[in-house]
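Make the full structure from the sequences, and use the hints.
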Amino acid sequence: MTAHMRAIESARQDRLFDDPLATAVVDLARHAIRTDPDGALPTGPKDDQGELTETWYMLSTFLGVRTRYYDSRVTAACAAGIRQLVVLAAGLDVRAYRLELSADTTVYEVDTEPVLRFKESVLTRTRLEPTARRRTVVADLRGPWEAALTGVGFDPALPTMWLVEGLFMYLSGPQSERLLGGLTRLSAPGSRLALEYYESIPRPEDVSTVDAAEEAVIARILSFFQDGPPTPPDRWLPSHGWRPEVTTLAAEITARGRVIPEMFRKGRPHEVNLWLAHGTLG
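In short: position in the sequence shown from 1, add 68, done, that's the working numbering.
Hints are computed from structural coordinates only; laboratory data are not their basis. Any given hint could be a false lead.
Pairwise CB distance ranges, derived in the manner of DEER restraints [what the hints assert, rightly or not]:
| id | residue 1 | residue 2 | range |
| --- | --- | --- | --- |
| 1 | PHE292 | ARG253 | 25 to 35 angstroms |
| 2 | HIS308 | ASP82 | 32 to 42 angstroms |
| 3 | ASP86 | GLU181 | 26 to 36 angstroms |
| 4 | HIS338 | PRO182 | 28 to 38 angstroms |
Keep in mind it's a predicted model, so treat the numbers as computed, not measured. Note that beta-carbon positions come from the ideal geometry of N, C-alpha and C, so glycine has one too.
Given below as structure tokens:
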């Protein structure tokens, strides 16, 4: 789903980024559907005016603007001289390829073996070449993972940019605490961190859907959500030694000249406020 939404953003004339791997993944999925009649790929249905329905506008805008926010944190860290980037639950992330990072930067992509194997299979078809050094780390972030990272060359003595994009909402409170505690122990002073936090968990009824197919997509996405961090990032990060700066997804959407999707607008009976935060250690 994330790759699909990034492909939609990449196809816009006013795109916030261009993700060639996301486009390649969607193309492969469509090919699989043509050879497998039982396959299904959400295509982002349009309304009578030819625009994305509210569900698909929300998903593509949310993921597009969120991706751009994290991109900005990575490029700022690299401009400040940080040369280690760790992408937790990396999935199909290709920042090692598309952000034109310097050759002396090492990007560590942490995820499970099946995810990384699929990613490599797609990358071999695209013939993309990373601008930075790239190392994959097989680990399940719900359990011990630090040794796997240091085992492929990660140096805890050097400042690091930690990217925790789209992860904490899938973890429990204790799992979130363990993850932040673990990466903090591996962080040298001056390290940076970027993450997100749902102040309230979205419900299926918070999303305007037009049919059963959209309802099923939203229900499946939200079925994986857990409690996440115990407190908002402006309080949680300082408790682990990080100095935070926070904003909201709605503010970022407005800053990018986009219309805020209904789900993230203020004044609704059940407000869904998504924080975007970055912090510096020490």
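Checked hints:
With their beta carbons about 27 angstroms apart, PHE292 and ARG253 fall inside the hinted range of 25 to 35 angstroms. About 38 angstroms separates the C-beta atoms of HIS308 and ASP82, a value consistent with the hinted range of 32 to 42 angstroms. In this structure, ASP86 and GLU181 meet the distance hint of 26 to 36 angstroms, their C-beta atoms being roughly 28 angstroms apart. A C-beta distance of roughly 35 angstroms is found between HIS338 and PRO182, which places it inside the suggested range of 28 to 38 angstroms.
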